[in-house]
Amino acid sequence: MSTLAELFAGSDEAAINFNELYVLPLQELKEKVSSLAVEIELPPAPIREEIFDLLFEACLEKKQPVEISAILEVTEDGHGFLLQEKDNYRLRAQSPLVPAALIKRFGLKTGHLVQGFIHPKMELSTCPIVIQIDKVMNGDPEEASRIMPFTELVPYYPLDRIYLETNADVEWDNVSMRVVDLVSPIGFGQRGLIVAPPRTGKTVLQQAIARALRVNNPNAHLIVLLVDERPEEVTDFRRQVPDSEVIASTFDESAESHVHAAEIVIEKARRMVECNQDVVILLDSITRLARAYNATMPNSGKILSGGVEATALQRPKRFFGSARNIEGGGSLTILGTALVETGSKMDEVIFEEFKGTGNMELHLDRELSNKRIFPALDFEKSGTRKEELLYHPDELNKIYSLRRSLKGVPPVEAMEMFIQRVRKTKNNPEFLVGLGR
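So the sequence shown is numbered by the working numbering: it starts at 1 and just counts up by one.
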């Protein structure tokens, strides 16, 4: 590898950025490649793989380096591959191979962001090969093995609050986020369940949370993970939150695809938290993810009610359990939707297994949504554990007073009254000050 790296090290040519080319549509890719300094003769109707093969060959002849930045997946054999966000972290023909020697040298793990240089396909190889690593997680690769592992970091209750209230032009967004702030506050490191029957507005609520996060907490890294979703909803999410990372595995893909996307996302998030970053994952849905894990499990003969394998929920619990606030470090926040009232016994079993594992719950109510009252939150069932660590003491007393005043009121009437009062005020401080009057 060092010999190959030296071949390009002495080149005076500027490096070609693989990432910039890889995200381009086919027509733009052809135009961009034709304008590069290297001379390439494209066939009449080239496919993407052919274009990159020809580009790599031309770069090799001219000794022009090709740089890449992507997420590493380490295989059981010890070598790895660099996966792109554009592909939802799936393995493609152009995914560069990372030799086991480099992985051992720097102590690399799945989820690491790796930057380096790649070499074209060699004899007997089917993909490009990474020949040099310059950065790992935007730092010195030699330091990667010295970072404290995620499992050794000390978890604690969320202390830093994530405010969702904004000055949004969309009134529904702001009212909904103000209601969530008051009913069930969210902090960095929260492990939250959005418990939702079908057609109660869970997707729209998650989109509003994502937009509020980008406005109020631009330094936090937001990942939206859509599992077993409709393709049009994936497109809509990407358009609603264009500056976030949206990873999707749609319903027409295999359970293995769902599981793989989730595994790469959670490992990437863990590596970022190890580097003291705040990461927020919005998962839709944890129920469908658990179904996918169940479908990929070998038959052990131990089946729970609903057709759930006895050990199938260990890995989705590991995913959800990764959410935590780290003492003196970063945080991983996961807000996942749990489907209920679907008529599926399996979904009931999955929800019962996850109920109580979170430290925050938002319950959506079908009766409220049927009456077009949004957000359709069940005021009594929704809440956050250790909420006193997130609320200001004066705010906490006001919230307790509000909950006592609505105790015993039918859920539909209580929420309708609550939302009407929220709408009459400009912001939550004004609303809370007015409660005592």
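No lab work stands behind these hints: they were computed from the structure. Some hints here could point you the wrong way.
Derived pair list, reagent style BS3-like, types lysine-lysine, alpha-carbon separation capped at 25 Å [unchecked claim]:
(1) K407 with K424
(2) K30 with K86
(3) K32 with K63
(4) K386 with K317
Verification of the supplied hints:
no., hint, verdict
1, K407 with K424, "22 Å, holds"
2, K30 with K86, "18 Å, holds"
3, K32 with K63, "19 Å, holds"
4, K386 with K317, "21 Å, holds"
Of the numbered hints stated above, none is contradicted by the structure.
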